[in-house]
Structures are given as structure tokens and as C-alpha cells.
Amino acid sequence: MSGAGRIGAGALAAAAAGPAIAALVPPGVLLSLLVQACIYAILALSVGVLARQNGMVSFGHAAMFGAGAYLAGIGLGAPGQLPAEVALLLAVLAVTAVCFGLGLIVVRVHGIAFAMLTLALGQACFEAANKARGVTGGADGLTVALPREIFGLPAATFQRAEGMFLIAWLAMVALAALAALLARSRFGLLTEAIRENEERARFLGYGTVLPRAAVFALSGGIAAAGGVLYVLYNGFVSPETVHWSVSGSALIMALLGGTRTAWGPLAGAAVYFLLREQLVEVTERWLGLLGILLVLVMVFLPDGLSGLPRRLRRPRGAEA
Amino acid sequence: MTIQILNGLVYGSLLLVLAAGLALIYGLRRVVNFAHGAFYMLGAYAGYAAAQAGGFWAGLAASAVVLALFGAVLDRLVFRVLQDRDPLVTVIVTFGLLLVIEDAVQWIWGTEGRSMDAPAPLAGSVALGGDAFPVYRLAVIAMAAALTAALLAWLHRSRAGLFVRAASLDPAITAVQGVNTDAVAMLVTALGAALAGMSGVIAAPFLSLSPAMGGQILVDCFVVVVVGGLGSLGGAALAALLLGQVQVLGAVLVPDIAALIPFLTMAAVLLWRPTGLAGKRL
Numbered sequence: 001m002s003g004a005g006r007i008g009a010g011a012l013a014a015a016a017a018g019p020a021i022a023a024l025v026p027p028g029v030l031l032s033l034l035v036q037a038c039i040y041a042i043l044a045l046s047v048g049v050l051a052r053q054n055g056m057v058s059f060g061h062a063a064m065f066g067a068g069a070y071l072a073g074i075g076l077g078a079p080g081q082l083p084a085e086v087a088l089l090l091a092v093l094a095v096t097a098v099c100f101g102l103g104l105i106v107v108r109v110h111g112i113a114f115a116m117l118t119l120a121l122g123q124a125c126f127e128a129a130n131k132a133r134g135v136t137g138g139a140d141g142l143t144v145a146l147p148r149e150i151f152g153l154p155a156a157t158f159q160r161a162e163g164m165f166l167i168a169w170l171a172m173v174a175l176a177a178l179a180a181l182l183a184r185s186r187f188g189l190l191t192e193a194i195r196e197n198e199e200r201a202r203f204l205g206y207g208t209v210l211p212r213a214a215v216f217a218l219s220g221g222i223a224a225a226g227g228v229l230y231v232l233y234n235g236f237v238s239p240e241t242v243h244w245s246v247s248g249s250a251l252i253m254a255l256l257g258g259t260r261t262a263w264g265p266l267a268g269a270a271v272y273f274l275l276r277e278q279l280v281e282v283t284e285r286w287l288g289l290l291g292i293l294l295v296l297v298m299v300f301l302p303d304g305l306s307g308l309p310r311r312l313r314r315p316r317g318a319e320a
Numbered sequence: 321m322t323i324q325i326l327n328g329l330v331y332g333s334l335l336l337v338l339a340a341g342l343a344l345i346y347g348l349r350r351v352v353n354f355a356h357g358a359f360y361m362l363g364a365y366a367g368y369a370a371a372q373a374g375g376f377w378a379g380l381a382a383s384a385v386v387l388a389l390f391g392a393v394l395d396r397l398v399f400r401v402l403q404d405r406d407p408l409v410t411v412i413v414t415f416g417l418l419l420v421i422e423d424a425v426q427w428i429w430g431t432e433g434r435s436m437d438a439p440a441p442l443a444g445s446v447a448l449g450g451d452a453f454p455v456y457r458l459a460v461i462a463m464a465a466a467l468t469a470a471l472l473a474w475l476h477r478s479r480a481g482l483f484v485r486a487a488s489l490d491p492a493i494t495a496v497q498g499v500n501t502d503a504v505a506m507l508v509t510a511l512g513a514a515l516a517g518m519s520g521v522i523a524a525p526f527l528s529l530s531p532a533m534g535g536q537i538l539v540d541c542f543v544v545v546v547v548g549g550l551g552s553l554g555g556a557a558l559a560a561l562l563l564g565q566v567q568v569l570g571a572v573l574v575p576d577i578a579a580l581i582p583f584l585t586m587a588a589v590l591l592w593r594p595t596g597l598a599g600k601r602l
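Going down the list, the sequences are from chains A and B.
Numbers 1 to 320, taken from the working numbering, label the letters of the first sequence in order.
Numbers 321 to 602, taken from the working numbering, label the letters of the second sequence in order.
Because the hints were derived from the structure by calculation, they are not lab data.
Everything numeric in this text was worked out from a predicted model, so none of it was measured.
Think of the CB as a built atom: it goes at the ideal place given N, C-alpha and C, for glycine as much as any other residue.
One or more hints might be untrue.
Unchecked claim - To be clear about the criterion: a stretch of chain B counts as covered by chain A if any three or more of its residues have a C-beta under 8 Å from a C-beta of chain A, and this derived list gives those stretches:
1) 408-414
2) 421-432
Claimed, not checked - Among the chain A residues that face chain B by a calculated CB cut under 7 Å, a handful are:
3) 12
4) 57
5) 112
6) 116
7) 123
8) 124
9) 195
10) 282
11) 294
12) 298
As the list claims (entries may be wrong) - Rough simulated footprint, nothing fancy, chain B against chain A, three-plus residues with beta-carbon under 8 Å:
13) 100-109
14) 127-136
Next comes chain B alone, as it looks inside the complex (with noise of 0.2 Å):
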């Protein structure tokens, strides 16, 4: 049981880096990014292409500013020239987004699935409670919650944290009191393309790469996100934690309706509770 909680804990501490991205960015933009997934993806593929060559703390870094690159330049080019209009229109711009990169991973590294080896100290597995587990899941965690510390930390204690806190509250407001409301929306965008990049990496040496690896992983950062409630940090963490754990142990004790769950549990929330557990109304 120890096995299936902490692999909930590693599938949870991963949906946390992403839905985090998801979350900034609907923060300052009030965009749904049908698109993260496939950062995710490419993400994951640039870390790959990088770690053939510098091994896997090479990608990890190079995919983070691969992405950091793309989210800046999706901002200035899509979200800023878009905001005024229906976020509809935005949405359906970042699901076109999801197809251009799809096809263009799949060009460049075909359809096959690819692996990553996890990097050499971690690669081992540690006994726990009498079975072996991956030394590298429990390095997921670790990573997670580091990205996660760091998030926060800058949020809460930088100057640009603040401005970044503030616009999401009230962009019109924050950009009167003098702040550039449209850099702190594209450093937000880029470092939450940057987070996506980097849990596709995290994730390659225990999830295969293959092209259709951002689909599933989207479906359930949305979940995570409409039950924490969008916008929201702190919720989008309490329900990427929870859902990781609801994945794993409806696999065990029911089953059959284990993959209906985190579906059924988002319906309900939007239905009964649209805010989520913590944030603001759609």
C-alpha cells in the first residue's frame, strides 16, 4: 500500500509542475491553454534531443529555455494581440497550436515511442517497507516540490512576484499604479511554458515519449485545475495531489470505474462548486 501511495505521490507531484504553468497562465491572460499538453510533449523531446548530448540535467535545462523561448514568443504574437477579444477565440487558437506541434514532433522524431534513461545516481531502486522502489520516482517528488518551493518563493517574496500577484487580482489596476502589465504577462507565460517543459523531461524516464503524450496528461491538468479552482496555486496543488492519489488507489480498490473518476469528480465540482476549491469564478 506504501508502493501505491507514494507512486500517487510521484503521478501528483508531476500534474502539480504542470498545472502550476496552466494555472499562472490563466491567471494573467484568463487563456485555457489547449496547448499545454503538447508543451508538455515538447518539452519532453527537447530535454530528449538535449540529453543525447549533455545527459539528463543538460535537457532538463535546455528544455526549460526552449520553452521559456516559445512561451514568450506565443505571448507577444498570440495572447497580447489577442486579449481584447472572445478568450473563446484564444482557446480555439491554442488547440490549432496543439496540432501544429503534434505534427511538427512527429516530423522531426516520427510516431515510434522513444525512452530516456533516468540520470545515473538515481537510476537504482531503494527497499521500502520490503519492496523495491525507483530511487528516480522519489527524485520526482524531490524535484516537484523544489520547483514548487521556488515558485511560491518568488511569488511571495520578489518585487516582480508581487507585480505578477497584483495583475492577476486586477490587471487595469496594477498597470495604473505603473507596472508593465504586458512584460509581467509574458514572463508568466514563459515561465509557465517553462514548468510544462520541464515536467515533460521530469517525466521521460518513467512515462514513454511518444507524440500523443500531451493528450491524457492535459485532460487531467484540467481536472486539476477546475478542481482547484482556476487561477489558484494553492488549489490546483491540493487537487494535483489528490487526484494523483485517487488515480492510483481507484486502480486498486475499484477498478472498473477508477478511469471515470477524476472526470466524474471535475463535472461535479464545476457543477456544484464553480470556483473550485479555492479561486474565482470562470
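So that you can see chain A by itself, here it is in the shape it has in the complex (with noise of 0.2 Å):
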């Protein structure tokens, strides 16, 4: 089977198991844990496609998560003047393209002084969203009504654990599934080939600025997709959203997982919820035991979870 042919295949089947893990899983608190996990997996998978394409290591993506949230809860409260669908989709249309145009600047700079500045970046856009009390509603938050349908589907749907779950599962699947195969077009090679060697594809003759601003930008609106989810499913975002401390544990959830695989990202999700869903019962130090997981993790397996398997297969010398 082509390699696009395997890609599509795991997304049908993971698209299928959405409805049988729905089926089994009665809804409570592990669905609606479910349903969060989801929506930060996409979140985390945005974090993922930058570093994995572009190398670069995020510290402030809640930003992009929480503008998705904020301008789609925004479009959402303005009745009357755009169909809620519009809104959606212009939420995750207009991150993307901010991102695109702060991609064109700052994808000039690399390593480590890009993450702090996407920290300082995101820190800004956390400080406006406590600023702007009239757009935003300040540190109270903004409380989002739904429409009474959305897509044809009534809003209760939505808001619903049942009903989300498939929804986020399902958007979930796509997003990776495209990541995945952009990944493996002749755009995510290019981006590739730039991560590894950015001088070497200029002298192949290659632009490098667009296709890496075009990388953030996507990534950027994976993130407002996210965000999207999110304002639905609570009906309520906050400053709290925008955190760097939501970025940091969706930058968890992705070098948990493991970068170098669309599913890397989706799985270092499910691990940090269930995760934490175990540690809460027995410890309320879950955050410590998580930190100290994230460093055995980065040093003895740099590739994540997702790399365990490749590992096992081809051990490294005698310590693997």
C-alpha cells in the first residue's frame, strides 16, 4: 500500500473506533475527559506539525487556542449579522492568516530565542485579553450562548459530552490525518530539507521564509480549530485559556508523545489526561510526577512515546 493509501486507511479506521469507544465508555466524567482530551490533543498537534516540520519548539500557542476561542465566541454572540457556521470558520480563517503575516517575521528567528519569543509573544496576547475588558469581558471571561443549530445539528449536541466527543474525535482524526499527509507531499519535504539545513536549500534554490511561515500558519490554525472546539464545548474562555501554562502543557502533550508522527502529539494527549486522571486519585502531586516524566522522557527517549516502537525494534547500542 502507497504510503497516502496507509495514511488514509489509519484515519478511517481510527475515524471508526470514535463511535465504539463512545459506545463503551458510559457517559461521566471519563467521556467528558474524553472529550477534553480531544480537543487539547488537537492543540498539541499543532505544536507538534511546527516542530516537526520547522523545528521549532513553541512556549506559546495557547495564544492561537485562545484567539480561535475567543473570536469564534465573539462571532457567535453577535446574532443576526453572520450565520454561526460563517463565524466558525472565520475564526479559524483569520488566525491563520495573523499567522501567516507574524510568520513571515518571526520564522527568522531560530532555537531557543524562538521560544521565548513565542513566551513573550503569547505572555502579550494574555495580558490583552485581560486588558480588553470590552472585547474580551477582562479576567471575568466571555460567556458564549450557542445558536439553536449549528451545521444542522442542535446546539445541545454540542455542549454534551456524547455529542462532542464524536465531534472533536472526528476532528481530531482529519487534522492529523492532513498533517500526516502534508507531511509526506513534495511542501513537507521542502520544509523538511529547510529544518535540517536552511543555507543548503537556499543554494538548491528554494525561498525558505514562505514555506516555514506557511508551516506556522498552518499550525496556528490547527490551534484555532482547537479553541473553536473548546468555546463550544464550554461555552465560556477566559484568559486562563491564553496561559503560557496552557502552552507549555500542550508542548507536554507533544514531546510526550513524540513530534516525529502526526499520532505522536494525539497519543501524548491521551497519556497526559489518563495520566493525570490516575495520579489525582492517589497523589494530588500529579504536576511534579508529570514534570519528572517529561525529563526521563526527553533524555532517554528524544522521540517520544511514538519513537518506543522503532526503538524496540532497532536498539541503540547496549543501553536501549
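Dock chain to chain to rebuild the complex, using the hints, since each chain is given by itself in its own frame.
Encoded structure:
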């Protein structure tokens, strides 16, 4: 089977697994946890796409996630002007467009400096969300009332775990498949070449800023899509959603799972949420334990958990 | 207005001591320590605990010792082991460490804020141009100036300081000259952590203690080292004092966008002058 075929088959199988999981898990705490996991998995995926294609580590992706949520919330809150469907799509498109413009500038910054820059820009968005009371509701947050129907589905479907789980799951699978297809396309290979050696890619005659900015925009768009789902499900968004600890969590998920595959960040999000759920039962110290796990994974499994199968098949030296 | 400028100077002095540690560690290990804010917070709590028994100065000393040991262990077990890996791996590891330290402090001291008293002789306030100004804040400026002067004297007058400056310029050549650069780096990481711990104790009497106190100041600290130029002490000092003024004067003159100014300045510096005011390219 060709690579694209394998991705398609994997995506179809994963999509089919959604209803099965929904049928097996009784509605309740666990299912709503899975909904949150799917939504944050989309954010982790966006961080992973940027790390994989551009080799850039972002500490500020909560800004795009939050911007998607706020824009969707504001669009839905202005009734009579825009159909809800258009408002949601516009939120994602607007964040993507802004990220493209921003990307043209920020992708010139590399390595650790980029990590620090995203942290600062992310905190700037957090401060802005706090200050702009007229638009965002400030620290109190923005409560969003959904219209009666969106995409032909009753609003209650989006706000109940049984309905939202399927929607978030399918969105997550579709976006991950998109990321995987992109990675093996000509464009994806070009960005990987630039990631490995930007100067050599320029020697070969490729512009390097535009493709990197496009990846940044795509990553921002995926994060915004996650934010849109977030506000649909919760009906509420506050500056806490934009805080850098959210960016940090998304980064942990992406790196725990590993960014070499599209499904790595998704697996990372699942591990993060399920582990946290288990740990909270036993101890309040889950965040510290997650920190220790992150350190161990970074030191001993730089490709994350999704790199584990490959590593087991081809052990490197005696330590593996 | 004098009071505002002084307040800016107080915060700038605090940032100066903290950012000096961050710049030193970057200079030797090429690691941007995301746990530096957590060191500051841990130092404040360690000082708080020691101050309960022996007063403020005992707290300051204890915090320096505890954090220096912590830094030395960190350098030996993490930075040295990971020095040949992608610097981003080490950055993520320090981020993981940040989570562990914050959680450990919450475990030991709980999440509610705590306050620490200024040492008795510095507890009152003085009249400055008709307004009362806490003596302790003037002492903060003095302590920061003393620490900075001691650090500069050590770097430029002592043999160990010479090794530090040489190793941060070119570790390989310095090692070839017979300097044990790993030992130098360990010393510097311990010193950087001790400075972070001491700035935590210095901050404790006028900013309250909480496990989250490291997060905000870490971001300000990044702004300082990036604007000043990573690895440059002089640049960091200038940027710290400037940022202190910008924050205080911004809050008075343009309250709506004051909080954004530091971040926008940092972004602008990174994009237009990536070396900072005085520093090396990342």
C-alpha cells in the first residue's frame, strides 16, 4: 500500500474507532475527560506540526488556541450578522491569516530565541485578553450562548459529552491525517529539508521564509480549530485559556508523545489526561510527577513515546 | 514622580540580580534556564523557612547556600550530561524541572500566599520629597548594587573569574589551555542559582510569596536577557534597569498598554537586532 493509502486507511480506522469508544464509555466524568483530551490533542498536534516541519518549539500556542476560541465566541455572540457556521470558519481563517503574516517575521528567529519569543508574544496576548474588557470581558471571561442550530445539529449536541466527543474525535483524526499527508507531500519534504539545513535549501534555489511561514500559519490554524471546539463545548473562554501554562501543557503532550509522527502528540495528550486522572486519585502531586516523566522522556526517549516501537525494533547500543 | 522612578529602580534592581544568574548560566552552558523563576521562588521559600528561625539575614544566607548546592547538582546531573544534545532538549528538561519545583513547594508550604518581614532596622519608611518611602525598598537597591559589584569584581579581578570569562567566549580553547571547564561551569551554575535564590529572599518582604511568583518574573527576566543580549552581563544590567522604569512609568503614562510594552520591546529586539543591546547571536 502506498504511504498516502496507509494514512487514509489509518485515518478511516481511527474515525471508525470513535463511535466504538463512545459506545463503550458510559456518559459521565470519563467521557467528558475524553472530550477535553481530544480538544487539547488538537492543540498538541499544532505544536507538533510546527516542531516536526519547522523544528521550532513554541511556548505560546495557547495564544492561537485562545484567539480561535475568543473570535468564535465573539462571532457567535453577535447574532443576526453572521450565520454561526460562517463565524466559526472565519475564526479559524482569521487566526491562520494573522499567523501567516506573523510567521513571515518570526520564522527568521531560530532555536531557543524562538521559544523565548513565543513565550513573550503569548504572554502579550494573555495580557491583552485581560485588559481588553470591552471585547473579551477581561478577567471575568466571555460567556457564549450558542444559537439553536449549528451545521444542522442542535446546540445541545455540542455541549454534551456524548455528542461533542464524536465531533472532537473526528476533527482530531481529520486534522492529524491532514498533517500526516502534508508531511509526506512535496511541500512537507521541502520544509523538512529547510529544517535540517536552511542554507543548503537556499543554495538549491528554494525560498525558505515562505514555506516556514506557511507551516506556522497551518499550525496556528489547527490550534484555532481546537479553540473553536473548546468554546463550543464549554460555552466560555477566559484569559486562563491563553496563559502560558496552557502552552506549556500542550508542549508537554506533544513531546511526551513525540513529534516525529502526526499521531505522537495525540497519544501524548491521551497519556497526559489519563495519567493525570489516575494520579489525581492517588496523589495531589500529579504535576510534579508529570514533570519528572517529561524529563525522563526527553533524556532517554528523545522521539517520545511514539518513537518507542522503532527504538525497540532497532536497539541502539547496549543501553537501549 | 521621584517615588515612581525609585519604585522602577527597585524592581529593576531585583531583575538585575535574577537576570545576571540567567545570563551567567547561558554564557557557560548555552542553556536558557526555564527553571530560573522556579529557583527564585524556591529561594524565597527556603529563605522564609530559615528566617523563621534566624531572621532575615539568616534566611538570605541559607537561601544562597541551598540554591548553590541545588545548582551544582543540576549542573552535574543534567547540564553536563546533556551538553552534547540539542540545546532545546535541555530547555525542555529545565521546563520539566520548573513543574517539579513548583509542585514540591506547593506540597511543603501549600498554595496560599505568605509574607515575610523586612529586617527590623529597615522596617520603617523615610520622607522623600514629601512622600513616605519604605526604607526596605532603598535597601533592595543597595543590596542589588552590592551583589552586582561583588560579581563584577569577582569576574574581572579573580583568577576564577578570568576562567569564567574565557570559557564563556570559547570553551574548547579554554579547556585546551588546561582549565577544567566543567568545574567552571558547575561553579557558575551554582552561583547563578544562588543569585536567583537570594533575589527571591530580597523580593519576599515587598512582593508576597506564592508558588506562582516565579512565572511572571521569569518572563520579565527573559525580556531582560534578550533585550540586553544573551550572555552579556552589562547588557542585562542596562536592560533590567530600563525595564523597571518602563513598567512603572508605563503604568502611569499609558496604563492601557503598559503590560504589553516589555513583550513588544523583546519581540522588536529579537527581530531587528537579534544580538540584543550588547551580546552574541543565539
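Hints and how they fare:
| no. | hint | verdict |
| --- | --- | --- |
| 1 | 408-414 | holds (count 5) |
| 2 | 421-432 | holds (count 4) |
| 3 | 12 | violated, 34 Å |
| 4 | 57 | holds, 5 Å |
| 5 | 112 | holds, 5 Å |
| 6 | 116 | holds, 5 Å |
| 7 | 123 | holds, 5 Å |
| 8 | 124 | holds, 4 Å |
| 9 | 195 | violated, 12 Å |
| 10 | 282 | violated, 14 Å |
| 11 | 294 | holds, 4 Å |
| 12 | 298 | holds, 5 Å |
| 13 | 100-109 | holds (count 4) |
| 14 | 127-136 | holds (count 4) |
The structure does not agree with the numbered hints 3, 9, 10 stated previously, though it agrees with the rest.
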